[in-house]
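**Q** Put together the whole structure using the sequences plus the hints.
Residue strings, one per chain:
Protein chains: 2
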Amino acid sequence: MNVFVIGIGLIGGSFAKDIKRIVPGAVIHGIDASETHLEEALALHLIDAKSDYDDLGKADMVIVSIPVDSLVRELPKILDAVSDDCVVIDGGSTKNLICKQLEDHPKRRNYLACHPIAGTEFSGPAAAIEGLYEGKTNIICEVEKTAFKLQERALELFQKMGMRIRYMNPEAHDKHIAYVSHLSHISSFMLGKTVIEKEKNERDIFDMAGSGFESTVRLAKSSPAMWTPIFEQNKDNVVETLEEYIQNLEDFKQMLVKNDFEGIYSEMNNTNKIKAILNGIPLNKK
Amino acid sequence: MNVFVIGIGLIGGSFAKDIKRIVPGAVIHGIDASETHLEEALALHLIDAKSDYDDLGKADMVIVSIPVDSLVRELPKILDAVSDDCVVIDGGSTKNLICKQLEDHPKRRNYLACHPIAGTEFSGPAAAIEGLYEGKTNIICEVEKTAFKLQERALELFQKMGMRIRYMNPEAHDKHIAYVSHLSHISSFMLGKTVIEKEKNERDIFDMAGSGFESTVRLAKSSPAMWTPIFEQNKDNVVETLEEYIQNLEDFKQMLVKNDFEGIYSEMNNTNKIKAILNGIPLNKK
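Keeping their order, the protein sequence lines are chains A and B.
The opening position of the first sequence corresponds to residue 1 in this note's numbering, with each subsequent residue numbered one higher.
The opening position of the second sequence corresponds to residue 1 in this note's numbering, with each subsequent residue numbered one higher.
Derived from the structure by calculation, the hints contain no laboratory data.
Hints are not guaranteed to be accurate.
You can't tell identical chains apart in this list, so a pair holds if it fits in one copy or across any two.
[What the hints assert, rightly or not] Taking lysine-lysine pairs in the DSSO-like style, the calculated list, with each CA pair at most 30 Å apart, reads: (1) LYS275 to LYS200; (2) LYS235 to LYS175; (3) LYS160 to LYS175; (4) LYS253 to LYS273; (5) LYS149 to LYS275; (6) LYS17 to LYS258; (7) LYS235 to LYS258; (8) LYS258 to LYS275; (9) LYS235 to LYS160; (10) LYS273 to LYS58; (11) LYS50 to LYS107.
**A** Set out below in C-alpha cells:
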C-alpha cells in the first residue's frame, strides 16, 4: 500500500509510525512544506521517501495533517491529483468550512473528514509517538459522502490503531469541540499571559509554581501557526464559549467580593463531578 | 523522635511516609478530626498510633496539615500544648493571616511557617505519596521568628526530603501564590463549570474531550473544603489576579470579534515562552 502523509509532524508522523507497524509492506511517502521537516522525518524513519503532489496518482491512502487554513486550500488540489481508488483523510480540528469547501468537488467521494482527538502540546516530526491514537476518539463527519469501499479501507486502519469512532455532522463537531478543546487552549494561553505579565516585575514568582500551574498552562506551549486558523474558522463558536467562561469567572469574582463563601464552596463542589466525567476520557499514556 | 501529624491526608500523610524512611526510630502519632481517616492512616501504616492534643507535650515535631481556616483556629491551641523544645510546622497555602494570628503567641518561637508547594488534586490518607516533596519548593516565612535550634531541626528534615527552600515574607507569599496557584484553580474550576453546563443538553460532548481538556480541568477535582478558606484568606490578591485574567480573556475575545488574527497569533506566540519558564518548575513524578 502506498501511503502519502502530507504534513509530517506530530499528527502525521504518529500516523506514519502506526501504519508502518500495522500494515505489512506499506510504503510511506512524505510531503511537507518544510524541507527540514522532511529530512528529519526521513532520518527518524517516519517516511520511506520524500515526495510531492506529482506522485499522488499512485497513492492508495493520503493522510493530510496540516493547519486548517492550509487544509481548505490544499485538499481540493490533493483530491484533483489522486486516483479514483484513493482515500484522502484529514486530521483537522475544525470540520465545517473544510466540508463546505469540498461539497461540490468532483472527487468528494474520495475524501473522509476526520478529527482524531489526540495530540500533545509539541509539534514537528520528533514529536511523533507510536500508539498516540490508541483508545482515542476519532470523529468522522459526513461519512455517507465517502465511497463505501474507501470508508472501509480507512476504518479498518483506524480499528487496528485502536481508535474509537464517533459520527457527527460538521456543525455539531465544531460547536462541541469549541467547548472541550478550543476553550481549554484559550484559558491556558491567557493564564500563561496573566502570570508572565506579572513576572516582569517579580522575578521570583515562578520559583513558587508547582505542578498544578504546570498542568493548567500546558496548552499554552501549543503552536500559534496551528491554532490561529482554528480560532479563525471556528470563531462564532469560540466567541460563544469564551463569553460563557468569562461570565462564570465574573460571577465567581463577585461571590468573592461579596464574601459569599458558601456560594464558592457550592460552585466548586458542583464542579467536582468533573472527576467522574474525566474518568471516561481516554488519555495520553505518555 | 516523636512526630505528631495533625491532619493525616495527602500533605500530612506524605510527610509521614518520608519521615518514616528518613528518620530512624521516628514514631508517628496521628491526630485527625475524622476517625475514618485515622483508621485508614493506621491501616496504611502512615501512623504508628492514634493520638490527641493531650499527648502533644511529648512531641519533638508537629506537622499541621489542615485547611487554612482550621490552622488559624488550631495553631494557637497546638502551641499552647507543646513543650519548649518542640517545633510546629504547618503546610498552609496562605501565610499572612496565620502569621498575624500567631504574632504575639508566647510560643511563637516554636512555630515555623511553611508552604511546601506540592500536592495532587486528590486528598485523604490514601492519596499520600512517598517522595512527594523531593525537588519541590518549600516557602518559609518569618524564619527569624523561630528559635534557631528548632529551625535547624526542621531544615535538616526538609533537606533530607530533597526540598528547595525559599524565604519570603507572608505578604509577598500570599500575593505571588495567588498568581501561580490560586488563579490556576479558579480558571480550572470555571472551565469545568462552563463545559458541564453545556453538557446538560448535549450528552455527547465529553466523548470528544482529549488529554488537553483533562490537563486544564485537572485542578477542578480539588477539595472545596480546602480551597474555600484559601480563597477567603487571600481574597484581595485573588480578586486582583482574577480581574487581570478576565481582562486578558476579554481582550482575546475582542481580537476574535474584530478578526484581528495577527494579534491572536502574536498573543499566543508571546505566551509560548512559558515553555522555557516551565522547564524550571520541579514537577510531580507521579
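**Q** Going through the earlier hints one by one, which of them does the structure break, listed in rising order?
**A** As far as the earlier hints go, 5, 6, 9, 10 are violated by this structure, in ascending order.
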